[in-house]
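Chemist: One letter stands for each residue in the lines below.
2 protein chains.
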Amino acid sequence: MVYINENYLKLKAGYLFPEIARRVAAFAEAHPEARIIRLGIGDVTEPLPSAIVEAMHQAVAEMGRRETFRGYGPEQGYAFLREAIAEHDFRARGADVAPDEIFVSDGSKCDVGNLLDIFDLANRVAVLDPVYPVYVDTNVMAGRTGPADNDGRYPGLVYLSATAENDFQPDLPSEPVDLIYLCYPNNPTGAVASRETLARWVDFALQTGAVILFDAAYEAYIQEPHLPHSIYEIPQARQVAIELRSFSKNAGFTGVRCAYTVVPHSVFGRTRDGQRVPLHALWTRRHTTKFNGVSYIVQRGAAAAYTPEGKQQIGALIDFYMTNARLLREGLTRLGWQVYGGRNAPYLWLKTPGGMSSWQFFDYLLERAHLVGTPGSGFGAAGEGYFRLSAFNSRENILEAVERLAQLPAETAR
Amino acid sequence: MVYINENYLKLKAGYLFPEIARRVAAFAEAHPEARIIRLGIGDVTEPLPSAIVEAMHQAVAEMGRRETFRGYGPEQGYAFLREAIAEHDFRARGADVAPDEIFVSDGSKCDVGNLLDIFDLANRVAVLDPVYPVYVDTNVMAGRTGPADNDGRYPGLVYLSATAENDFQPDLPSEPVDLIYLCYPNNPTGAVASRETLARWVDFALQTGAVILFDAAYEAYIQEPHLPHSIYEIPQARQVAIELRSFSKNAGFTGVRCAYTVVPHSVFGRTRDGQRVPLHALWTRRHTTKFNGVSYIVQRGAAAAYTPEGKQQIGALIDFYMTNARLLREGLTRLGWQVYGGRNAPYLWLKTPGGMSSWQFFDYLLERAHLVGTPGSGFGAAGEGYFRLSAFNSRENILEAVERLAQLPAETAR
Chain L
8 MVYINENYLK LKAGYLFPEI ARRVAAFAEA HPEARIIRLG IGDVTEPLPS
58 AIVEAMHQAV AEMGRRETFR GYGPEQGYAF LREAIAEHDF RARGADVAPD
108 EIFVSDGSKC DVGNLLDIFD LANRVAVLDP VYPVYVDTNV MAGRTGPADN
158 DGRYPGLVYL SATAENDFQP DLPSEPVDLI YLCYPNNPTG AVASRETLAR
208 WVDFALQTGA VILFDAAYEA YIQEPHLPHS IYEIPQARQV AIELRSFSKN
258 AGFTGVRCAY TVVPHSVFGR TRDGQRVPLH ALWTRRHTTK FNGVSYIVQR
308 GAAAAYTPEG KQQIGALIDF YMTNARLLRE GLTRLGWQVY GGRNAPYLWL
358 KTPGGMSSWQ FFDYLLERAH LVGTPGSGFG AAGEGYFRLS AFNSRENILE
408 AVERLAQLPA ETAR
Chain G
8 MVYINENYLK LKAGYLFPEI ARRVAAFAEA HPEARIIRLG IGDVTEPLPS
58 AIVEAMHQAV AEMGRRETFR GYGPEQGYAF LREAIAEHDF RARGADVAPD
108 EIFVSDGSKC DVGNLLDIFD LANRVAVLDP VYPVYVDTNV MAGRTGPADN
158 DGRYPGLVYL SATAENDFQP DLPSEPVDLI YLCYPNNPTG AVASRETLAR
208 WVDFALQTGA VILFDAAYEA YIQEPHLPHS IYEIPQARQV AIELRSFSKN
258 AGFTGVRCAY TVVPHSVFGR TRDGQRVPLH ALWTRRHTTK FNGVSYIVQR
308 GAAAAYTPEG KQQIGALIDF YMTNARLLRE GLTRLGWQVY GGRNAPYLWL
358 KTPGGMSSWQ FFDYLLERAH LVGTPGSGFG AAGEGYFRLS AFNSRENILE
408 AVERLAQLPA ETAR
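Protein sequence lines, in the order shown, are assigned to chains L and G.
According to this note's numbering, the stretch in the first sequence is residues 8 to 421, in order.
According to this note's numbering, the stretch in the second sequence is residues 8 to 421, in order.
Worth double-checking, as some hints may not be accurate.
Repeated chains share a single entry, so a pair holds when one copy, or any two copies, can fit it.
To be verified - Only pairs whose alpha carbons sit at most 20 angstroms apart, straight line, appear in this in silico SDA-like list of lysine to any residue:
#1 Lys19 - Val284
#2 Lys19 - Ala288
#3 Lys19 - Pro140
#4 Lys17 - Leu123
#5 Lys318 - Gly71
#6 Lys358 - Met8
#7 Lys318 - Phe87
#8 Lys318 - Arg72
#9 Lys358 - Glu316
#10 Lys358 - Asp326
#11 Lys17 - Ala129
#12 Lys19 - Arg45
Honestly, the hints are just simulated from the structure, not real lab data.
My request is simple: use the sequences and hints to build the entire structure.
Modeler: Have a look at this one:
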């Protein structure tokens, strides 16, 4: 009988979101009159910008006529999209990225897992804690860890705690690491990285030979002009960093599916006997062998994000969600709660009041205010005692949520 | 410095299609007047059926309105599509497949590579020769082989030769294997599997505990009514087979991107210590962790393939390409050449005339008839002395190609 990849058996059961769904369903059944507002999952709620809708209609029509029909496209993406990305997302910000360093894909979740294919199992991996669970789970599946311990941490990974005590900016690793996952603006904490913070990580990677996997899925939410949007705004990052971007959270593509990964020609790995190999060549081989390109229709939609109309409409979407974030933050702050994030990110990260655990606070909010959020402990051991609220919702629901929070009894609000 | 996956260095350079492109470009430069007809790559040429175009327009419009906008969908695909697939592709043919055994994806090329994630490296892998190169390359990348030998074969894989001598139906493996790739109708040979042939493979897998990866990307081209379209038409296949299907070659989705994989609940693998684990659970975990679903717009387009209009329009597309195949086959047969395939598949597989090697014949056809095909040796050692022609082209080009073939000098045509 065929042997399975036993590393999969080390994974904790898909605990967080199913457990949330279970508790919400039980509450809804017991309280059918309650109008539950969900501020849990980070999914957009507003429709696609009209510039993108028009571009996709046009592309669908092209696919229906013989003269303009397109079959297989380049696996790495069409030149029209790769050139627009290089120009608008990088060169316009002074970052040196060429179109042929951009690999268009159907999602950052896919890319972040697939990137592990090109690296040896012997590499030591560092993640922040709390952390987007896919970084961890894909390393468990690949075989870089043992089974989870009682805190849910996997031996074999290096966890770098990000808590209020260190302003959600962990120290550099004190042990050797080869691959470092960074996510800024951060999911779930909403923390951002200054130019100095990124330069420190780039210097560390240069000195140690590590590679940084930089997840910038939320860069569009950055409001403060001095903050970098791309790690390549630190010029030496071209030697050490791979950057992941997505159209999910700016253009609202969570259901449309388009993202991209930047692998500069100047990032190298090595063989066991010391030969230097460009990661660009390896990723090209991976991407062209195990992927067949993003839908032409979707790529035309993504390219429309860079037109003047597209940019203006996406800007309005970001403003909308960030106004939601401000309203939530102000409401929570009025309660006297400790609130982080929500200034350059669509996530608010709360210290749970009254010393409640993350799950106690989840139950409390659900029962008292009929609000659903995400327990911080679900993102890692260092997230215990924290709670994530998302700004992705209608204005009406956000205002209603703020109103309900204001009605909470005073003893918990302190 | 980070270590790379050195298995990638065992891969032969992406030899076949770049080399074809190089020779065609050199010829075109030397003969700018030549009107080259390309019958090489298996890409569709006709526009999308109007039922599918209309469904995608509708879906694009839904995404532009708040009330009908959709964010993240189920990673495995929307129920409307999984149910249509189960009903029309399987139950209508008497094959027992449930919607929750269907995993919608963005391409069979992706699925065929990604499926290896859930299997242990210790499994022994069998492929037919000639073979779709992705089956081989993804196993090389995963680390199941040594470097290629002089024939381009990788030690560690079991190659089952499919040539005219065995009617392109290889014997069962004479050594133990755990994973078996089968592709019917076959790319590149165009061979088909009878019910008896599939039953023989299913019995073998049942007896040995092997799992069959059954690639049915070309099932829509089957013309003879007694031939099975799905391996699940052999009922016991539910215990041993995973089937891959695609909308690329029936609905013309090579540039739209949609496919699916069937993993029945009843297929098991084992751990090293003998525990049985359902592959469905492992693939669910892989698919939901490293993939985020196919574009809603594309899934609506795929579902339209199952409407009465969609079915009729796809039937007309298949008829068009299969008439091309017949015209080519008749033209080649008139020359006295040995022609296989092209009866239930869009590919013709020729024995090269006059004892030419695959590449000699490539050059001959390019120089004398300005026709481009694919050298059989590019698909594996057993493909040497064969040549693939594709029926995917306009009728005008096919007729012109047949005409040019008829003008070839008699000495080569025998």
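Chemist: Tell me the hint numbers this structure goes against, listed in increasing order.
Modeler: 6, 9, 10 and 12
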